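Here are the chains, one letter per residue:
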Amino acid sequence: MGALNSLPDEPQYVGLAEKTGFSFEQIGILHKRFKQLSNNGETLRREDFNTIPDLLCNPIRSEIIEAFFDRRNFRQTDAVGTVHEIGFGEFLLVMSHFRPPSIRLDDEQKEVIRTEKLRFLFNMHDTDNDGTITLEEYRHVVEELLSRSGALGKETAKGIADAAMLEVASISMGHMEPDEFYEGITFEHFNKLLKEFEVESRMNIRFMNMDTTTLCK
Amino acid sequence: MALSCQPLGSFPPRLSVCVLLIVFVAAASASHDAPQDGTHDPTNVTHKKGFPVLLFNYDHVRTPFEISLWILLALLMKLGFHVIPRVSQVVPESCLLIVVGLLVGGFIKAIGEKAPALDDTLFFLYLLPPIILDAGYFLPVRPFTENVGTILVFAVVGTLWNAFFMGGVMYGVCQLEGGQLASVDLLSCLLFGSIVSAVDPVAVLAVFEEIHINELLHILVFGESLLNDAVTVVLYHLFKEFSAVGTVTVLDGVLAVVCFFVVSLGGLLVGAIYGVLGAFTSRFTSHTRVIEPLFVFLYSYMAYLSAEVFHLSGIMSLIACGVTMRPYVEANVSHKSYTTIKYFLKMWSSVSETLIFIFLGVSTVAGPHAWNWTFVVVTVVLCLVSRVMGVIGLTYVINKFRIVKLTKKDQFIVAYGGLRGAIAYSLGFLLPDHPMKTLFLTAIITVVFFTVFVQGMTIRPLVELLAVKKKKETRRSINEEIHTQFLDHLLTGIEGVCGHYGHHHWKDKLNRFNKTYVKRWLIAGERSMEPQLISFYNKMEMRQAMMMVESGSSAKLPGLISMQNIQPKVESRGRTIPKISKGREEEIRRILRSNLQQTKQRLRSYSRHDLFADPFEDMNENLSEMRFRKQRVEMERRMSHYLTVPANRQETPPVRRVRFESDDQESSRESSGVRARNVGPYSSPADAISVLEESPPLRPNRRSDGGARRKTGEPPTQARRVSDPGPN
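So the sequences go chain by chain: U and E.
Each residue of the first sequence is one higher than the one before, starting from 1 at the first, in our numbering.
Each residue of the second sequence is one higher than the one before, starting from 1 at the first, in our numbering.
Treat the hints with care, as some may be off.
[Unchecked claim] Only some residues are given here: those of chain E computed to face chain U with a beta carbon under 7 Å: (1) A182; (2) S183; (3) L186; (4) I403; (5) T446; (6) N479; (7) E480; (8) L491; (9) G493; (10) E495; (11) I534; (12) Y537.
Simulated from the structure, these hints should not be mistaken for laboratory data.
Keep in mind that this is a model prediction, so the values were computed, not measured.
Cβ atoms here follow ideal geometry from the backbone N, Cα and C, with glycine treated the same way.
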């Protein structure tokens with residue numbers, strides 16, 4: 001198997017495996033993919049993501065690409081801003097957000113994982129790094145989701161985003177005086193909103209132990 | 001017969017009616033043996049009898065009368081159970097119905113009549129389809145497709161394991177026991193095993209409906225019960241053929257496997273074809289709304305019957321038809337038809353289920369029985385054992401491939417929820433005259449009773465004890481819908497980045513195919529272009545609007561979070577919040593309330609007698625109108641909300657929003673000054689409000705309100721306004 005031959009960076013892999021929780025085989029496969037995307041370079045840039053054909057018809061592709069370059073997802077505390085290029089370590093760190101939680105975890109660890117995943121989603125929405133999702137940012141999200149539907153998207157997107165914000169405000173604040181202004185969705189409100197959402201079991205993809213990257217470009 | 005209890009001392013009227021009916025039926029069927037003299041025969045009289053004033057001709061209406069009587073009995077039973085609250089909380093309804101069936105069967109036998117047995121034609125052609133259609137039409141597709149691998153493994157491999165294990169062990173036991181059982185050969189045992197091994201959808205639905213378990217477990221057990229039909233059909237026919245012949249060859253085995261694929265895939269194909277036909281037909285029904293539900297029912301029933309013609313799996317065909325048809329039909333039919341479909345399906349499936357359980361009880365009393373302790377006890381024990389072993393073994397394998405693993409608790413519920421029911425009994429009934437038929441039937445009935453009574457009754461306390469996750473009660477919110485879609489796209493994108501074509505990739509491809517090609521053909525008009533998020537949002541708006549109409553009170557008024565709380569504030573210096581005196585406030589509020597009440601009455605009378613101007617009739621056409629109506633409600637809400645602003649700001653001239661009789665004099669002078677500032681940060685109602693200002697001074701009559709609320713740009717011929725969906 002190809003994966004076994006190409007493990008030259010064994011010590012580096014150990015460190016990465018500990019940080020991200022992937023197995024060695026998975027890291028090897030992802031490294032291959034990284035090299036494929038970056039044309040055998042050491043770093044990935046935003047333009048490299050444009051070579052992925054499936055991503056082109058995805059309505060939220062810009063957010064996805066941004067998420068890879070967002071420092072908040074690199075598991076460094078209090079890092080903000082974006083970078084222009086990422087190395088394999090950061091690539092793996094971002095990918096580790098999608099690892100399914102192990103069955104042997106207790107409730108506290110599950111809570112940690114859930115918070116992590118929700119944080120990732122939150123960062124995707126909060127594009128200006130101010131810690132809250134404002135109405136404008138939420139509207140942008142909805143517009144992107146409806147962007148493939150053409151003309152009738154704009155007005156309805158506004159309406160939908162407004163209704164959604166109203167709902168968040170009702171859930172989080174309950175009662176507000178008419179003069180009060182709801183600033184935006186903070187992370188706690190986001191957490192409360194998606195309490196029933198079961199993010200920890202839904203936001204996962206299957207990381208193969210077998211090398212299937214040769215099957216698709 | 002046991003009926004709902006009434007306070008002691010008053011003779012229950014229902015009881016007396018039922019007794020009378022039963023006596024009537026018994027007497028009537030007894031009179032069937034009397035010489036035929038239904039119609040009067042005036043020319044052939046031996047002695048003058050006089051003109052018959054009252055005649056008795058029961059045979060003419062016998063069949064429909066008895067059918068109606070049975071159904072009525074079943075429904076009265078259902079009513080009765082809910083009068084006794086304590087019993088219905090402990091014992092699941094299915095058990096109670098079987099008990100009632102036993103009593104009725106006993107009663108009929110006692111009066112010497114022959115009780116009707118659960119005829120297999122009746123069961124398979126009339127009683128089973130409504131239940132399956134109801135289940136299939138409302139099948140939650142998302143959890144089903146996410147777990148379809150697991151469900152298939154349980155359904156196919158699990159049922160095969162159950163059948164062979166049970167058949168084999170039963171054969172061994174029979175050989176060991178000797179005596180009466182020695183004549184049972186292997187193939188008969190395997191046939192028996194295949195009948196008893198299948199989990200029954202009717203029983204599962206009946207029990208699981210009441211325990212409100214979480215979605216994953218529900219769909220696992222229920223999906224398994226639906227999909228194992230194909231396996232059961234193939235095994236049953238296979239062993240039935242062979243136990244007549246006596247030997248099995250390898251070729252037969254291979255053919256059986258091929259047959260399995262044909263049966264299941266063929267059933268799905270037939271269902272899908274009828275589903276597409278149904279969806280296509282619904283595209284053209286915009287002018288004949290009343291018959292829309294019938295298309296759904298008839299196409300589905302035809303799918304079932306067509307599959308049965310070729311001995312394909314009727315259940316899978318019905319499920320495929322419902323699942324295929326539903327998204328397109330729901331986009332095409334009117335709201336009323338949607339409600340009709342929903343309620344008719346629920347109604348029919350409820351009646352069917354009740355009848356099935358009652359008949360099960362009656363047939364138990366009626367049928368011939370041959371009791372053999374060893375056989376029956378071993379059967380019951382083996383059912384449990386093989387089920388548990390099967391689930392544990394399969395879960396071990398399945399968990400290697402699942403992202404969300406099944407825990408021990410989940411496995412227990414899946415194993416314990418494997419109930420057997422009426423399908424097993426009917427299949428046993430269908431057996432050709434086999435020497436062991438009565439023995440098998442007795443054993444099957446015992447297993448069914450055991451699973452329904454023991455497992456059905458104990459599963460609820462066990463679920464509580466094990467603290468299994470329950471179904472979440474709240475309806476899906478718009479935020480969850482947004483995030484579901486967002487997550488779908490995100491995961492598809494990440495899979496693309498990772499470079500392997502996974503689950504999400506194919507789902508995305510299917511969705512895109514659906515959108516570009518299929519929807520265009522099967523959905524009428526503009527709805528075909530509507531993305532899912534928008535349809536969800538529209539449905540939600542519709543629901544909210546209807547709720548507002550129906551509640552019709554201003555109870556929720558204070559403290560409601562409205563648009564102004566989330567709109568970014570426009571900086572407007574010097575904006576004075578207009579204020580009104582307490583007295584004026586009261587007067588305005590009183591007038592508003594009485595007007596809104598009147599509107600509500602107007603709305604009611606319109607919707608009852610006047611089909612024409614029904615606001616919710618055609619969602620397709622009235623979408624924009626609905627949206628506007630919602631805006632109007634918002635506006636009204638804001639208006640009344642505005643009026644409750646506490647009186648602690650400086651005095652300003654009274655608000656110039658709505659003109660009432662008393663305000664005519666002082667109003668006109670101040671209006672211009674205050675008007676501009678009244679508009680405030682709200683965008684949409686601004687236009688409406690400015691129209692208010694411009695409307696001429698109104699005469700003090702009722703029509704002023706209609707005029708005051710006139711829509712922007714709308715021709716004033718809309719006198720018959722049925723909107724104003726009530727106060728909030």
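### Message
Check the structure against each numbered hint from earlier and tell me which ones fail, lowest number first.
### Response
Failing hints, ascending: 1, 2, 3, 5.
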